[in-house]
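For chain L, the structure is supplied; the task is to place chain V on it using the hints.
Number of protein chains: 2
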Amino acid sequence: METKILSGKPVAKRIKALTKEMINQNDLKPVLVVMIVGHDSASEYYIDSIIKQGAKQGVDVQIRKSDSVSSDDLAEFIHNFNSDSNVSGIIVQKPLPKSVDEHFIGKLISPEKDVDGVNPITVGHLYLGLDCFIPCTAEAILEIIKFYDIKTEGKHIVVVGRSNVIGKPVYNLLLHKTSTGNATVTVCHSKTKELEKYTKQADVLITAVGSAKLIKKEMIKENCIIIDAGINKIGDIDGKSVFVGDVDYDDCFEKCQAITPVPGGVGSVTTSVLLNHVVRSKKKMQKIK
Amino acid sequence: METKILSGKPVAKRIKALTKEMINQNDLKPVLVVMIVGHDSASEYYIDSIIKQGAKQGVDVQIRKSDSVSSDDLAEFIHNFNSDSNVSGIIVQKPLPKSVDEHFIGKLISPEKDVDGVNPITVGHLYLGLDCFIPCTAEAILEIIKFYDIKTEGKHIVVVGRSNVIGKPVYNLLLHKTSTGNATVTVCHSKTKELEKYTKQADVLITAVGSAKLIKKEMIKENCIIIDAGINKIGDIDGKSVFVGDVDYDDCFEKCQAITPVPGGVGSVTTSVLLNHVVRSKKKMQKIK
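Chains as they are written, first to last, in this note's numbering: chain L, 1 to 289; chain V, 1 to 289.
If we strip away everything but chain L, and leave its shape as in the complex, we get:
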């Protein structure tokens, strides 16, 4: 059987259509604030993509920079966005300067506008299965599972990675009693011994570990499904840098049943999830008024 490529593009397209519909039906003017704290971050590419996609979908993306890293200044800075009724989403660009505690920042963002799920209140809701904004990349993974109708109930899903933004929300959501949950889940990470012992058992393998081409074909089960959220920059043979996943795509391609490409997989869904959150938040705010 031919391997199926789980492209992120049609998934993103469907989310964008829903976002557009929500904007039009409710005549919304959503604004997302992207905060940059301290020095410029390394992820300009991601910010550019948010601005461009925002423009296409009708979300005004505003970049706001705080030169100060003092706690008081940051609290005031974020407080202004929280109380600005035009703003319906706030995200803080990572990585943050080392002197700034990410949880301190997370707690400052009002849960209503916490579109990337970093406030402990949002996190608590996620963990308890209550309504909340799920961190965008984690939700992108679930959207791929939904779109391609990947069955999770009773399946053995191995998640490699335990970060607050991807691995942790994903493995928790896969255990919830939902249509994308009820899986038997194994979580692996940097302290796991004999990683292949676990990855080889996976009906569905999800990687979010940031280690280029870590997973080789000897480490996977025949006919498994692979969702690769890793985006690792490596130098290619011509001296130009290219992006690859945590899975060695070419090596694993023939052995698996289906696989997300990198780029063009999980990453290409994330921004559309983010903008969808901003619009959902705006819709809620409008109703409350």
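If you're looking for bench data, these hints aren't it; they were derived computationally from the structure.
For glycine and all other residues, C-beta sits at the position ideal for the given N, C-alpha and C.
Treat the hints with caution; some may be incorrect.
What the hints assert, rightly or not - From chain V, some residues computed to sit far from chain L (all C-beta separations above 12 Å):
id, residue
1, L74
2, K213
3, V242
4, Y249
Claimed, not checked - Below 30 Å or equal to it, Euclidean Cα-Cα: the simulated DSSO-like pairs (lysine-lysine) are:
id, chain 1, residue 1, chain 2, residue 2
5, V, K151, L, K191
6, L, K191, V, K155
7, V, K52, V, K287
8, L, K255, V, K191
9, V, K146, V, K217
10, L, K56, L, K13
11, L, K177, V, K177
12, V, K217, L, K155
13, V, K151, L, K193
14, L, K221, V, K155
15, L, K151, L, K200
16, L, K193, V, K217
17, L, K216, V, K155
18, L, K284, V, K98
19, V, K197, L, K177
20, L, K98, V, K284
21, L, K52, L, K233
22, V, K255, L, K193
23, V, K191, L, K197
24, V, K177, V, K4
25, L, K233, L, K146
26, V, K177, L, K233
27, L, K221, V, K217
Using the frame of chain L, we list chain V on its own:
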């Protein structure tokens, strides 16, 4: 090698000593409110044990009953305890009447006094690895791991159960980067197929599923360590009811390296953890004043 019995008693004893020390050193008069909502709950035994242990350890345990199950009445009821500076801990007895949403109640309890970790803010802190009150039975399991110096890093720990109060906090904490974390964790539950496939792999098996004697010796690995948080009432041969765990203790005893008894294991640590939380909370409140 002889099987080691992981009794909860010395673990509880150590926690009680720490609690006592904290009370004496700070001259505290801690008060725990145990709320009973609507009809009387089935768990009088547990409440009795809290009152008795509280009296011994210097924690005043007060039972407060709300006959009403209306949201407004409950909110006012809990609000009074939140604002009462004598009260440093609030728990709500379960099971709740069906008409009352446990998350609604959880959100009402001030995080500072949320000694059984049910408020989403508390839960978010736990999940992010921040300071908080961990649900008492989950913490009791970790206390047993600490006390008996059970190594978790790089070990394969299989958790059977995914409840908000035991399974879920336990599997998350085992994945944190702490001395009781860094394990490779597999989570099983009612939708898991071929449960024994997973339990057989466990270096450490933790059960919290509420199914009497579910785990038999064929389902475990030679020399594994078993921590059994199940407490199931069954009728014994004389017609009297007895309590057994999720693990068939007699059946598994010789094959495993160590095992917690039921009763006398995890359950016997839980109340001392709860009272310790009440005193920790009181100490914090005193410092803030």
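To see whether the hints hold, each was checked on the structure:
Its beta-carbon lying about 18 Å from the closest one in chain L, L74 of chain V satisfies the requirement of being farther than 12 Å from that chain. No Cβ of chain L approaches the Cβ of K213 of chain V within 12 Å, the least distance being about 21 Å, so the stated non-interface status holds. For V242 of chain V, the non-interface assignment is confirmed: its Cβ lies about 31 Å from the closest Cβ of chain L, beyond the 12 Å cut-off. Its beta-carbon lying about 25 Å from the closest one in chain L, Y249 of chain V satisfies the requirement of being farther than 12 Å from that chain.
The suggested pairing of K151 of chain V with K191 of chain L holds, with an alpha-carbon distance near 13 Å, which does not exceed 30 Å. For the hint pairing K191 of chain L with K155 of chain V, the CA-to-CA distance comes to about 9 Å; that is within 30 Å, so the pair holds. The straight-line distance between the Cα atoms of K52 of chain V and K287 of chain V is roughly 28 Å, inside the 30 Å bound, and the hint therefore holds. With a C-alpha separation of about 27 Å, the suggested pairing of K255 of chain L with K191 of chain V holds against the 30 Å cut-off.
Taking the CA atoms of K146 of chain V and K217 of chain V, the gap is near 25 Å; set against the 30 Å cutoff, the hint holds. A C-alpha spacing of about 12 Å is found between K56 of chain L and K13 of chain L, which places the hinted pair at or below 30 Å, so the restraint holds. With a C-alpha separation of about 27 Å, the suggested pair K177 of chain L and K177 of chain V falls inside the 30 Å cut-off, and the hint holds. Simply put, K217 of chain V and K155 of chain L have alpha-carbon atoms about 24 Å apart, close enough for the 30 Å limit, and the pair holds.
Distance hint between K151 of chain V and K193 of chain L is fulfilled; the C-alpha atoms sit about 14 Å from each other, no more than 30 Å. Taking the CA atoms of K221 of chain L and K155 of chain V, the gap is near 22 Å; set against the 30 Å cutoff, the hint holds. At roughly 18 Å between alpha-carbon atoms, K151 of chain L and K200 of chain L fall within 30 Å of each other, so this suggested pair holds. At roughly 25 Å between alpha-carbon atoms, K193 of chain L and K217 of chain V fall within 30 Å of each other, so this suggested pair holds.
Distance restraint check for K216 of chain L and K155 of chain V: the Cα-Cα separation of roughly 23 Å lies within the 30 Å cut-off, and the hinted pair is therefore satisfied. Taking the CA atoms of K284 of chain L and K98 of chain V, the gap is about 29 Å. The hint holds against a cut of 30 Å. Taken as a hint, the K197 of chain V and K177 of chain L pair is honoured in the structure, with Cα atoms around 22 Å apart against an allowance of 30 Å. Of the supplied pair hints, the one linking K98 of chain L and K284 of chain V holds, its CA atoms being roughly 29 Å apart against a limit of 30 Å.
Straight-line distance between C-alpha atoms of K52 of chain L and K233 of chain L comes to about 22 Å, which keeps the hinted pair within the 30 Å bound. This hinted pair checks out: K255 of chain V and K193 of chain L have alpha carbons roughly 24 Å apart, not beyond 30 Å. Distance hint between K191 of chain V and K197 of chain L is fulfilled; the C-alpha atoms sit about 23 Å from each other, no more than 30 Å. Only pairs whose Cα atoms come within 30 Å are accepted, and K177 of chain V paired with K4 of chain V is accepted, the gap being roughly 27 Å.
Only pairs whose Cα atoms come within 30 Å are accepted, and K233 of chain L paired with K146 of chain L is accepted, the gap being roughly 28 Å. Restraint check for K177 of chain V and K233 of chain L: satisfied, since their Cα atoms lie roughly 26 Å apart, inside the 30 Å limit. This hinted pair checks out: K221 of chain L and K217 of chain V have alpha carbons roughly 28 Å apart, not beyond 30 Å.
The structure meets every hint from the earlier list without exception.
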